[in-house]
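Visitor: Chain by chain, the residues:
Number of protein chains: 2
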Amino acid sequence: MATGRTHRPATRSRGIPEATVARLPLYLRALTALSERSVPTVSSEELATAAGVNSAKLRKDFSYLGSYGTRGVGYDVEYLVYQISRELGLTQDWPVVIVGIGNLGAALANYGGFASRGFRVAALIDADPAQTGKLVAGLPVRHTDELEEIVERNQVSIGVIATPAGAAQEVCDRLVAAGVTSILNFAPTVLSVPDGVDVRKVDLSIELQILAFHEQRKAGEDLGEAVARGTLPKAAEEAADRPGPDGDVPAVMPA
Amino acid sequence: MATGRTHRPATRSRGIPEATVARLPLYLRALTALSERSVPTVSSEELATAAGVNSAKLRKDFSYLGSYGTRGVGYDVEYLVYQISRELGLTQDWPVVIVGIGNLGAALANYGGFASRGFRVAALIDADPAQTGKLVAGLPVRHTDELEEIVERNQVSIGVIATPAGAAQEVCDRLVAAGVTSILNFAPTVLSVPDGVDVRKVDLSIELQILAFHEQRKAGEDLGEAVARGTLPKAAEEAADRPGPDGDVPAVMPA
DNA sequence: CGCTGTGAAGTTTTTCACAGCT
DNA sequence: AGCTGTGAAAAACTTCACAGCG
Numbered sequence: 001m002a003t004g005r006t007h008r009p010a011t012r013s014r015g016i017p018e019a020t021v022a023r024l025p026l027y028l029r030a031l032t033a034l035s036e037r038s039v040p041t042v043s044s045e046e047l048a049t050a051a052g053v054n055s056a057k058l059r060k061d062f063s064y065l066g067s068y069g070t071r072g073v074g075y076d077v078e079y080l081v082y083q084i085s086r087e088l089g090l091t092q093d094w095p096v097v098i099v100g101i102g103n104l105g106a107a108l109a110n111y112g113g114f115a116s117r118g119f120r121v122a123a124l125i126d127a128d129p130a131q132t133g134k135l136v137a138g139l140p141v142r143h144t145d146e147l148e149e150i151v152e153r154n155q156v157s158i159g160v161i162a163t164p165a166g167a168a169q170e171v172c173d174r175l176v177a178a179g180v181t182s183i184l185n186f187a188p189t190v191l192s193v194p195d196g197v198d199v200r201k202v203d204l205s206i207e208l209q210i211l212a213f214h215e216q217r218k219a220g221e222d223l224g225e226a227v228a229r230g231t232l233p234k235a236a237e238e239a240a241d242r243p244g245p246d247g248d249v250p251a252v253m254p255a
Numbered sequence: 001m002a003t004g005r006t007h008r009p010a011t012r013s014r015g016i017p018e019a020t021v022a023r024l025p026l027y028l029r030a031l032t033a034l035s036e037r038s039v040p041t042v043s044s045e046e047l048a049t050a051a052g053v054n055s056a057k058l059r060k061d062f063s064y065l066g067s068y069g070t071r072g073v074g075y076d077v078e079y080l081v082y083q084i085s086r087e088l089g090l091t092q093d094w095p096v097v098i099v100g101i102g103n104l105g106a107a108l109a110n111y112g113g114f115a116s117r118g119f120r121v122a123a124l125i126d127a128d129p130a131q132t133g134k135l136v137a138g139l140p141v142r143h144t145d146e147l148e149e150i151v152e153r154n155q156v157s158i159g160v161i162a163t164p165a166g167a168a169q170e171v172c173d174r175l176v177a178a179g180v181t182s183i184l185n186f187a188p189t190v191l192s193v194p195d196g197v198d199v200r201k202v203d204l205s206i207e208l209q210i211l212a213f214h215e216q217r218k219a220g221e222d223l224g225e226a227v228a229r230g231t232l233p234k235a236a237e238e239a240a241d242r243p244g245p246d247g248d249v250p251a252v253m254p255a
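First to last, the sequence lines map onto chains A and B. Residues 1 to 255 (full-length UniProt numbering) make up the first sequence, in order. Residues 1 to 255 (full-length UniProt numbering) make up the second sequence, in order.
No lab work stands behind these hints, which were simulated from the structure alone. Treat the hints loosely; a few may be bogus.
No more than 25 Å apart at the CA atoms, straight line, and that leaves these computed lysine-lysine pairs for DSS-like [as the list claims (entries may be wrong)]:
no. : chain 1 : residue 1 : chain 2 : residue 2
1   : A       : K60       : B       : K201
2   : B       : K201      : A       : K201
3   : B       : K57       : A       : K201
4   : B       : K134      : A       : K134
5   : A       : K201      : B       : K60
6   : A       : K218      : B       : K201
7   : B       : K218      : A       : K201
8   : A       : K57       : B       : K201
Quantities reported herein were computed from a predicted structural model and do not represent experimental measurements.
Work out the full structure: start from the sequences and follow the hints.
Guide: Shown next, in the form of structure tokens:
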């Protein structure tokens with residue numbers, strides 16, 4: 001079962017590190033903004049600031065793509081926009097289907113960032129017959145029954161899942177069976193897919209939880225963690241009782 | 001130079017690595033599911049599979065929290081749920097405001113994952129007077145004018161920005177001035193904030209771009225990268241025109 | 001001179017592999 | 001016997017710092 005993992009050992013992609021790939025869209029956005037203001041060139045320092053990273057990192061990232069800058073001057077904005085777009089594969093058209101047209105699906109359908117980056121929403125799909133035919137972002141919602149046909153006919157290779165968690169795996173399976181090989185998953189579930197299919201997930205609540213963690217830390221600094229957290233920390237550090245807090249534990253203890 | 005940076009050198013938080021913190025919500029979700037099915041204990045192997053990571057990583061992660069397992073047996077599900085929740089700060093109530101009630105803001109307001117994890121939507125705020133008073137997810141939309149008052153009165157320390165890019169920085173500044181110290185940003189902009197304020201961003205189109213990158217790679221593997229990418233690697237290097245596929249470079253070349 | 005491109009050093013994260021508890 | 005907890009090794013990523021080109 002859980003087999004077939006063997007996921008890529010990271011750095012697969014033709015030598016470009018994953019961490020770098022993940023930042024390319026950031027640079028691209030900053031560059032696009034510069035381009036719109038007709039700025040002809042940028043230094044690594046300026047671009048780095050605009051993208052929210054540091055300049056050494058940016059230069060190193062670009063070095064994986066090739067030598068696209070000019071020493072003593074900087075980078076040609078338009079040229080770099082093109083090179084990064086090409087590297088990301090945005091110079092081609094990517095038909096995308098969005099499955100699950102609730103609030104989130106509708107938000108995605110309306111999201112301008114897609115269309116402007118080579119992504120074309122080929123269809124919106126929802127399981128609720130009452131939704132069928134409704135126009136969202138100018139497109140008619142289609143029924144799930146048509147999923148396979150839509151994917152095949154439009155040569156869709158990227159699918160976006162914005163359904164409730166319970167429906168996600170089945171939708172995923174059907175998308176994959178129909179030919180989709182990349183999935184962006186907004187449902188809070190771990191999807192299992194065959195080898196060769198990429199899944200990326202965005203979980204809105206995970207980000208909030210990470211923030212809460214740091215927020216809690218900040219509060220703790222001001223008045224001693226125990227008070228702020230409502231629990232004694234592992235008091236005497238990891239010394240004391242390893243078992244854990246004794247007071248308000250949910251009554252369940254590890255045997 | 002971007003002044004006040006000095007951000008924590010990562011591994012700040014009481015010794016727990018950032019990478020581990022980022023995975024705790026994942027474990028928590030898997031554990032919650034097990035808990036609902038009344039599963040009493042799990043092995044690192046099982047839990048790892050459910051969370052989509054490998055078991056060595058999971059055990060290492062848990063080792064930073066303390067020794068909460070039982071050798072030869074595994075982890076007590078309820079106990080672990082509690083420990084992770086506490087570590088993440090989810091045992092306390094976090095009032096949150098969502099600013100920008102468009103499609104995305106509404107989706108967030110309706111998102112169940114928040115409420116069930118200690119997050120309480122204290123208010124929905126939008127700049128459009130026409131929206132004011134409308135009910136979204138059972139809450140009335142308030143006007144931006146009231147932002148400061150709402151934040152202060154509810155002791156909000158976490159703000160979610162779901163406005164258009166153009167409005168994000170101003171909203172951010174006002175939130176911070178009013179006392180917010182953690183921001184979850186959905187607008188496609190880099191926000192600048194004073195030291196001590198955390199920002200996390202979620203950019204929907206970035207994830208798609210990363211998928212496109214990998215998708216492109218897959219296609220390339222089938223027929224030789226040079227052809228698929230439209231460029232020979234840095235073969236002849238920057239030899240002026242190694243240009244594009246069939247010469248469709250944007251005409252701008254680096255000096 | 002100014003700024004890129006990059007080896008080398010430093011840091012963080014992941015993985016291995018096994019000692020040690022139950 | 002089984003599974004956790006963890007040092008130690010490996011890999012990935014970041015930062016430094018400077019040579020070298022324009």
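Visitor: Which hint numbers doesn't this structure obey?
Guide: Structure breaks no hint.
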